[in-house]
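A.B. asks: The chain contents come next:
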Amino acid sequence: MYAFDYQRPDAIAAAAAILSADPEAKALAGGQTLLPTLKQRLAQPTALVDLSRIPELSGICATTEGVSIGAMTRHADVAASELVRAAIPALADLAGMIGDVAVRNRGTIGGSLANDDPTADYPAAVLALNATVVTDRRSIGASDFFRGLFETALKEGEIITRVDFPKVEKAGYAKFRNPASRYAMAGVFVAKTAAEVRVAVTGAGQSGVFLWTEAGDILSSDFSVQAVSGLALDPSNLMSDLHGSAEYRAQLAKVMLKRALASITG
Amino acid sequence: MSEATTIVRVPVRLTVNGKSVSAEIDPRTLLVQFLRETLDLTGTHVGCDTSQCGACVVHLDGVAVKSCTTLAVQADGASVTTIEGLATGGKLHPMQEAFRENHGLQCGFCTPGMIMSAVDLVARFGPNLDEATIRENLDGNICRCTGYHNIVKSVAAGAAAMGSAEAPRAAE
Ligand SMILES: Cc1cc2nc3c(=O)[nH]c(=O)nc-3n(C[C@H](O)[C@H](O)[C@H](O)COP(=O)(O)OP(=O)(O)OC[C@H]3O[C@@H](n4cnc5c(N)ncnc54)[C@H](O)[C@@H]3O)c2cc1C
Ligand code: FES
Ligand code: FES
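These protein sequence lines are chains H and R, in that order. Numbered by my numbering, the letters in the first sequence go through residues 2 to 267 in order. Numbered by my numbering, the letters in the second sequence go through residues 1271 to 1442 in order.
Since the hints were made in silico from the structure, they are not lab data. Mixed in with the good hints there might be a few duds.
Where chain R lies over chain H, by a calculated footprint (3+ residues, C-beta under 8 Å) [what the hints assert, rightly or not]: (1) 2-8; (2) 24-37; (3) 43-54; (4) 95-102; (5) 178-184.
A partial selection of chain R residues facing chain H, derived with a Cβ cut-off under 7 Å [stated by the list, open to error]: (6) Ile1277; (7) Val1278; (8) Val1280; (9) Pro1297; (10) Arg1298; (11) Asp1319; (12) Val1327; (13) Val1333; (14) Ala1334; (15) Val1335; (16) Lys1336; (17) Thr1339; (18) Val1343; (19) Asn1407; (20) Asp1409; (21) Gly1410.
Backbone N, C-alpha and C define an ideal beta-carbon position, used for all residues, glycine too.
Work the whole structure out from these sequences, hints included.
C.D. replies: Here it is as structure tokens:
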């Protein structure tokens, strides 16, 4: 690691002040992505601003619309939360599928979303559930938040404070894990509201998480596993790498869609 | 570019295996470096530089974390238990004893992390563990020797022994 200064503010405003005064300072959440990056000397921030001692950033609460999760809430706490399980069980399940136990005990939802890894799990839930990412300065709808590979709508120094998830009628998530990294080779989140069905795919797209609109349209009129049996995902915008070809990922995404549906419709 | 040519040391105070320790450290110091190099607790191992192997697992305020992916300053004010903190009064912890009894190790490099993860597993799921639960929850711990079979046997036996002995979880 290159040298950095360490700061541990106890309020959002103080953290924001440090981050906006120094564009090369970086927020530190669970460190499960940032610390491996620093160890490889792939980044050289001047300062790390540890968000872990800012009480307003942690915790889960029920809202009239659904459930609100503080940015610094650890994956393990989301997985174990009765409030999350009562509102959106698939979201608690998803949190329990991230990485391994030790990663889940440190990693946070805010860190995962700010990082926007194209194979991360939370982006699929946020996009399918049409959640709102709240920062120290504004609210960002899911469709505007994700901008591509490791790219989000966050401006320099902007801090995610919480994520508001609306309750839905039904939701399900299925993931095919890369057995070495544990990230998604393909992960599909299905969310059904009275108005529509939204299907988000992570792990497969060349520019990160995306809405599979064709699947959502079909399922909006017929919410069943059978309805998607003739559907195929176009591989031309999917990733090809040493783990699998775009065609393989297209097929995996379809299988994950069916599994997610089966977990909901039984 | 960074101008951090003069390193500003930061104070840390934490409890390690029940003892209070404090130091002034370079903020870059990983928890595992602090344990191994500052405190000479070399039981916690480093098996990779990609946060994937679990050889470095310790308990931070009672839960399993990778000490290679945690800064020592992040543990400021917290309580840490390492493999050295499990045995009490010269007697192995039941999970350590079970690994010995069931031949749960070969080279032993992964063993400290395996045992710390196993003790965390019992804290979450209780002493009666089925094979699927053990395998699923140890998937962050990699062993290149044993083929895992005897590790799973050891964890099941160690968990049962912890249940019947109501063994104290050492310094926690
Ligand atoms: C072995 C291993 C396996 C993993 N497997 C998976 C997996 O299967 N699925 C998955 O989704 N992820 C996986 N991860 C990643 C893990 O979920 C991380 O916790 C997550 O990506 C980053 O969260 P963090 O809290 O650790 O953030 P950090 O690493 O601390 O930060 C990541 C980035 O986000 C920024 N940031 C953090 N918090 C905020 C905030 N509140 N506002 C603005 N910016 C912020 C930081 O500045 C940094 O750039 C894995 C990680 C490891 C080490
Ligand atoms: S040393 Fe491999 S995960 Fe920590
Ligand atoms: S016993 Fe050698 S790595 Fe597990």
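A.B. asks: So, for every hint listed, does it hold in this structure?
C.D. replies: Checked hints:
no.	hint	result
1	2-8	holds (count 6)
2	24-37	holds (count 6)
3	43-54	holds (count 6)
4	95-102	holds (count 3)
5	178-184	holds (count 3)
6	Ile1277	holds (5 Å)
7	Val1278	holds (6 Å)
8	Val1280	holds (5 Å)
9	Pro1297	holds (4 Å)
10	Arg1298	holds (5 Å)
11	Asp1319	holds (6 Å)
12	Val1327	holds (6 Å)
13	Val1333	holds (5 Å)
14	Ala1334	holds (5 Å)
15	Val1335	holds (5 Å)
16	Lys1336	holds (5 Å)
17	Thr1339	holds (5 Å)
18	Val1343	holds (5 Å)
19	Asn1407	holds (6 Å)
20	Asp1409	holds (5 Å)
21	Gly1410	holds (3 Å)
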